[in-house]
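Visitor: So the chains spell out like this:
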Amino acid sequence: MVDIHLASDLISPVERSAENIGTLAGQLAKLLQQTAEFQELMRLARLVNLDPDVSRLIQQIRRRESAYSGNENGISTEELQKQLEELPAYQTYVKAEKAARDLFQSVDQVISTSACIDFASNARRQGCGCGG
Amino acid sequence: MILPDEIQQVAQKLGQGLHETSEVTSYLQAAQAARDNPDATALEEKLLILYQHLADLERSGQDLDQSELTEYYQLREQVRSHPLIATRDEHLQMVKLIFSDAGQMITSVLGVDFTALAT
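Residue numbers (the numbering used here), protein chains in the order written: chain G, 14 to 145; chain P, 9 to 127.
Check before you lean on any hint, since a few could be wrong.
In the DSBU-like style, the derived pairs of lysine-lysine whose C-alpha atoms are separated by at most 35 Å in a straight line are [stated by the list, open to error]:
{"hint": "1", "chain 1": "P", "residue 1": "Lys-21", "chain 2": "G", "residue 2": "Lys-108"}
{"hint": "2", "chain 1": "G", "residue 1": "Lys-108", "chain 2": "P", "residue 2": "Lys-104"}
{"hint": "3", "chain 1": "G", "residue 1": "Lys-111", "chain 2": "P", "residue 2": "Lys-104"}
{"hint": "4", "chain 1": "P", "residue 1": "Lys-104", "chain 2": "P", "residue 2": "Lys-54"}
Treat the hints as calculated values from the structure; they're not laboratory data.
Bound conformation, chain G alone (with noise of 0.2 Å):
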């Protein structure tokens, strides 16, 4: 009698493991794509990025991040950062973010308790610290 070896026969069990890992994981990413909040995100993010005021306000705020270059015409950081936060179109994004950070946090608390081990924290990359 032959044996028939079915392809599924030939993955080990690691190998099925992450397979249906990665499965999951993508299956997931898919559902929370349909979800409002990360509809919101999205559209408000496309939204805040044409938004002129926003765009100049980040980009001198990441000018001073980047090197110290003192007051750039008498402004601090701080007050570039509070003028950012006073405009509307940047408020509602801020809101969506954070639907969107619940939403994610939840699924996160889920995925931790199955697993046993948090894993959002344990599945961050971890930087080279050369800051490139």
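Use these hints to put chain P onto chain G, whose structure you have.
Guide: Structure of chain P alone, referenced to chain G:
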């Protein structure tokens, strides 16, 4: 936040899948072994207390005592080289690799950093 049923189920399955990997199983066993060892727990507790003391001093603007700093670094080295703690930490690095792959998969589909927003 109450999650939609489908998201809840898939998230649970993903967590379960991660839990069943040899990396997580080995880590949980190693973590338990470290917790069950009085020397290991005492060392970690001592390090935490000293760290908090130094952090409090720094926050209040006081100069850090050099002998306390030296004690801290020596203690940290002792903690790191404790066999059970070192084994646990090695296993955690393996867990982080597979978790990172799963997180990256979610992030690449979404187009936003899932792990950054979730922590």
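Visitor: If a hint holds in the structure, say so; if it does not, say that too.
Guide: Hint-by-hint comparison with the structure:
no.: 1; hint: P:Lys-21 <-> G:Lys-108; in the structure: 30 Å, holds
no.: 2; hint: G:Lys-108 <-> P:Lys-104; in the structure: 31 Å, holds
no.: 3; hint: G:Lys-111 <-> P:Lys-104; in the structure: 26 Å, holds
no.: 4; hint: P:Lys-104 <-> P:Lys-54; in the structure: 26 Å, holds
Hint compliance for this structure: no hint is broken.
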